[in-house]
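Q: Below are the chains, spelled out letter by letter.
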Amino acid sequence: MLSSLWLLIAIPLASAAILLLLGKRADRWGPWLGVLAPAASFVLGLSMFISLGTRENKTVEESLWSFIPVGDLQIDFGLMLDPLSAVFVLLITGVGSLIHLYAVGYMAHEEKRRTFFGYFNLFIAAMLLLVLGNNYVMLYLGWEGVGLASYLLISFWYTRPPAATAGKKAFIMNRVGDVGLVLAIFLMFAKLGTVNFTEVFAKVDTLASGTILVLGLLLLLGACGKSGQFPLQAWLPDAMEGPTPVSALIHAATMVTAGVYLIARSNPIFSANTTLQVIVVSVGAVTLLMGSIIGAAKDDFKRVLAWSTVSQIGYMFLGVGLGGGAYALAIIHLLAHGFFKANMFLGAGSVMHAMQDQVDIRRFGGLAPYMRVTWLTFMMGWLAIIGIPPLSGYFTKEPIIAAAFGRGDWTSWLFGGAALLGAGLTAFYMTRLYMLVFHGPKRWTEGQHPHESPPIMTIPLILLAIGSAVAGWLMSTSVIDWLTPVLPTGEAHEAAMPHWLISVLGVALSVLGALAAWALFRQGTAVDEQPAGPLVTAARNNLYTDAFNEVVFEKPGSWLTRALVYVDSKGVDGLVNGLAAMVGGGSGRLRRLQTGFVRSYALSMLLGGVLVLGALLAVRLG
Amino acid sequence: MTPMWYIVLASVLFSIGAVGVLIRRNAIVLFMCVELMLNAANLALVTFSRINGGLDGQIMAFFAMVVAAAEVVIGLAIIMLIFRTRRSASVDDANLLKY
Chain A
1 MLSSLWLLIA
11 IPLASAAILL
21 LLGKRADRWG
31 PWLGVLAPAA
41 SFVLGLSMFI
51 SLGTRENKTV
61 EESLWSFIPV
71 GDLQIDFGLM
81 LDPLSAVFVL
91 LITGVGSLIH
101 LYAVGYMAHE
111 EKRRTFFGYF
121 NLFIAAMLLL
131 VLGNNYVMLY
141 LGWEGVGLAS
151 YLLISFWYTR
161 PPAATAGKKA
171 FIMNRVGDVG
181 LVLAIFLMFA
191 KLGTVNFTEV
201 FAKVDTLASG
211 TILVLGLLLL
221 LGACGKSGQF
231 PLQAWLPDAM
241 EGPTPVSALI
251 HAATMVTAGV
261 YLIARSNPIF
271 SANTTLQVIV
281 VSVGAVTLLM
291 GSIIGAAKDD
301 FKRVLAWSTV
311 SQIGYMFLGV
321 GLGGGAYALA
331 IIHLLAHGFF
341 KANMFLGAGS
351 VMHAMQDQVD
361 IRRFGGLAPY
371 MRVTWLTFMM
381 GWLAIIGIPP
391 LSGYFTKEPI
401 IAAAFGRGDW
411 TSWLFGGAAL
421 LGAGLTAFYM
431 TRLYMLVFHG
441 PKRWTEGQHP
451 HESPPIMTIP
461 LILLAIGSAV
471 AGWLMSTSVI
481 DWLTPVLPTG
491 EAHEAAMPHW
501 LISVLGVALS
511 VLGALAAWAL
521 FRQGTAVDEQ
531 PAGPLVTAAR
541 NNLYTDAFNE
551 VVFEKPGSWL
561 TRALVYVDSK
571 GVDGLVNGLA
581 AMVGGGSGRL
591 RRLQTGFVRS
601 YALSMLLGGV
611 LVLGALLAVR
621 LG
Chain B
1 MTPMWYIVLA
11 SVLFSIGAVG
21 VLIRRNAIVL
31 FMCVELMLNA
41 ANLALVTFSR
51 INGGLDGQIM
61 AFFAMVVAAA
71 EVVIGLAIIM
81 LIFRTRRSAS
91 VDDANLLKY
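Those sequence lines, one after another, are chains A and B. Quick note on numbering: the first sequence equals residues 1 to 622 in this note's numbering. Quick note on numbering: the second sequence equals residues 1 to 99 in this note's numbering.
Hints listed in this document are in silico derivations from the structure and should not be mistaken for laboratory results. Among the hints, erroneous ones may be present.
Cβ-Cβ distance ranges computed for the label pairs, FRET-style [said to hold, decoys possible]:
1) A:V610 to B:Y99: 40 to 46 Å
2) B:T2 to A:L616: 31 to 37 Å
3) A:M582 to B:S15: 38 to 44 Å
4) A:M582 to B:L81: 17 to 23 Å
5) A:M582 to B:T2: 56 to 62 Å
6) A:M582 to B:G53: 56 to 62 Å
All C-beta atoms in this analysis are idealised placements derived from N, C-alpha and C, irrespective of residue type, glycine included.
So that you can see chain B by itself, here it is in the shape it has in the complex (with noise of 0.2 Å):
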């Protein structure tokens, strides 16, 4: 099996990820395709690590772990804060943010 089957694999996720975002409207879904999208960048950094012979990618993986973890506190605490006022967790009601 080479390598390149994980990158496939890592961009479909990637794909899956992007289109979970731009088409649900619940928040945490949305969420987890955020970290769907993430995970994916992390599986091809851990591939182009193995193809190149380097541990710089797998680094780079841990780091997006630790941050991605941070997120998902950040995020859900935003989302429970929204979901208490608006009674809502739907991403479409949070527009007052704009021009």
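The following block holds chain A by itself, in its conformation from the complex (with noise of 0.2 Å):
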């Protein structure tokens, strides 16, 4: 069973191929085969997940052929299945196939929607590579072929301009991102001579420090681009404005947690060196603060829930950054986070299509009796996130704020602190997302007829809850014994306080943050703008995030850019067409010579016969 990797790529791969490449005649059944690939990627992963487990070795290699042979540098077509990679493999292809199925409801009804899943299987294919690659080059091919899809859906619908403009800056962060990648492998080359993970950690030890901060904080940048992390957040979420199926499975569930598995999958480098772990807790800390922030002051439904995604990943960062047992915790807290997460965006979309694609959630309200089973399963997703225990939230983000407690000096308190922060926060917004869409006085727009999506949307949300209900308590114990041969397991030094107490304050803050939502919103809200403190202001605008983007990189980008125009203009094309007009304006002066008097030419003739002559003269006699 073990022995054909490639097919879980391979499917989805040749189901894309088939819906883009066979037009119209694809059309009747074509949002069909989108769904049956990858839940036959999801059969044959959880196939191989289960003979995996009944190895002693967890660790299996397969080397297709051979990608890049140049000299020293031999790079393999590579596939390799450990338990970190086997985990991805379910949540990419089980969440898939289920977002997937919602998406044949929800497009029910758009044209184009059999390319919309030729995008989406190369999307699994992609991310599948991604997880399954056996070193940095094929990470890097699946890296690519994500954005690539990513951007594709973000801007489904090209001909809205904020879509396309969304798409192009999804595209164009991650590009500054995916530079750090590269640089990172070439790096690696360069001082190591080979891009396979096992030997790249088997070397670490012989880098100099440097390097080794060097390489990690390129890794960083990598997937701090690609996981919408301080500072690369910008781009995330205004990756909403593509369908919502591709907000809950990339902008969610899978993709952007590609930065956590890359830094998870690259553990034995950044153990390597406390500074850093100090930059990654702190780039972690630092964004789920601001995600949830943000995201406790913006109106727009998948927004709040995006930024939500940024302050979340910001956990799985805090994690990963704090190293040791706590890679595993952030893979568990990333696997939660794919079901519940996906499960309110998938909710999302179900009320976005009962009240003709409203997202503004001030012109919600009441819904709860409308669509019950879209209010009951997002309440699970709600309840989740929060960490109300015992959902999974609880059993996943708890023990990372307890994690941040034990670092054993004075920054346990500081990014403790944050994660605690950021918990009562968390809870403060989502409760106020949930209590203004799905309670309170109805505060609709004309002519609303709010229903309850068709059961080919309703089931997914269904399964996803039960998920976010359940996989926690799973998860806090199999699966970090599951992820034991991958990833490290030290101990975290003795934590500033006792773990109950960390408990209780973790689930008081969240209890607090949701009554104070409670209390402020339970009456509704304004319908319009209203004025704010400076606070809320900033919050409103991203923390003026965007604007530092525009003001530090965008403007002097572009009169760098002006300057260079100038420069190639007048400058280069100055020299190269100067020279052109001069030979032509010489030429057009000779020619005049040109008469048309033969005696004018004979007279020529002559005296170039006579120089000649004279010449001759003058050097036979001189």
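Since each chain sits alone in its own frame, please combine them into the complex, following the hints.
A: Structure, rendered in structure tokens:
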């Protein structure tokens, strides 16, 4: 069963090729093929997962062909299934299949839905390649593949200018991160002569401390770009311009967590340098607070969820940065987040479906009795993300907070406090969202007749809600053991506070945040923009990060471009055009010599002859 | 009489021919002046052949005559055609081939 890893990738890839190449002939059955492909990969992945569980050696490698053989650089098209990539395969294909199924209902009236499913399958194939590659070049191939699929799907409705712009923004910001990843791969080859995971990790100890720091920072830049972490977070909320299933699968559950996978996979590099770990932890802490603060001020349903994703991935970065046993904690939070965030995004899609694509949460309210399945499943996601026991968020987020408190010095208080505060803020903004959408007075626009979505959309919702509810308990026990062979397990320092106190504080802050939001928003909210204090205004403007990017990068960038264009058109072009004009003008004047009068030619011939003769005589006599 | 006088004669003939080409407009006259220059050159060739005691120059003069005959045939034909179309034998009127 474990001998054909390539099939996992080949099935969705073949399906994508069929859907994209066959054209209109595939319109009728295309979406169903699109659902079947990831489902088949899921079944295959599950059987591989099970047979991997029975093996003693938990790493299976498969080399398909020599991909780049150049002198010393030998890169194979190699795949690797180990416990870490196995859980990712299950998440990608499992949650992916459910979202594909949902999309059949959600995109039913979309004209280009065959293309949509083609891109969606392409994404699944690229994401599987990303997690299954056994070297950094394979990972990079998948990395760029998911970037492409993400771009195509964000700007799927490319006739709408915001969607086209958002697609470009995502693509360009991802390039910034990808440059980091590419440079990291170059550095590995230059310093270690290999890009293979096992070989690189075996040789990390031979590197100088500074080299490890640079290598880690480059990898971190790549991870930040893909995962929407500070300072490259701006593209992720805008990516919500894409269809909702895309937001659920790519921009919440799977692709944006690729950065966490990258760092967890490269754990020998990150564990080798403590400065590096502090930087990763700081990125995580800053992002998780930033995401939750901005999320609390947004009024767009999907953007609240997007900032929530940014914030939750911040928790995962916090986890992978803490190192030791926290790597596994970050991965289980990633898996749990995949369930509850996909669930909530699909719930948001269901609500939008019922409310004529309304996304402004000030225009909802009192929807609970109209769409009971969506309401109850969303409630599961809501309770899971704010960490109410015994739902999944409690089991996965709370250990990360505890680990942040276990750093052993004063930074425990800093990062632990940030994580704890983030938990309270998460509860606040999620409760605000939940209350404004499903409870309180109706603030609908005219002519709304909300209704429950068809079963094809509610069944995935129910399954994901069950996952959100029970997965956490399962993961906090068995998945950590399962991940032991690939991720370090090191013991944490003595925690700054007893573990039970951290748990109680975490839950208490969550309840407090939820109660505050309930008190503020149970009576609904004004339907138009209200004046607000400086903090809320800042949060509404993404804490001015977009303005910062515009002033610091975009403006100087366009000035530089304009200056270069000027130099090019006046300087370089001027030189070339000037030379041409000189030759042209000179020739134009010289041409006047050809008068058409035979006798003037004869005169010039005679003069020429006399000149030659004179010169000869001068040489002879002289 | 030294051969030097023949050289002088050839120079004078050549000069007359060259000046004629430069100052006359009639194509026929121009043509005759060209012939004059050719013959001056022939005379010089024969003279030098005599001075050097070889036959090379005289052979060369025969070649020049043959070429001149062929040239006359073609040249007169061209002049005839130009005259028929433009009603003029002036070389200054045939000045269309220019910049």
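Q: Next step is simple, just say for each hint if it's right about the structure.
A: Quick rundown of the hints versus the structure:
Distance hint check: the CB atoms of V610 of chain A and Y99 of chain B are about 25 Å apart, inconsistent with the given range 40 to 46 Å. Taking 31 to 37 Å as the suggested C-beta distance range, the pair T2 of chain B and L616 of chain A does not conform, at roughly 24 Å. The hinted window of 38 to 44 Å between M582 of chain A and S15 of chain B holds, with their beta carbons roughly 42 Å apart. Remark: the range hint 17 to 23 Å for M582 of chain A to L81 of chain B is contradicted by a beta-carbon distance near 42 Å.
Look at M582 of chain A against T2 of chain B: about 57 Å separates their beta carbons, and that is inside 56 to 62 Å. As the Cβ distance of M582 of chain A to G53 of chain B is approximately 57 Å, the hint placing it in 56 to 62 Å holds.
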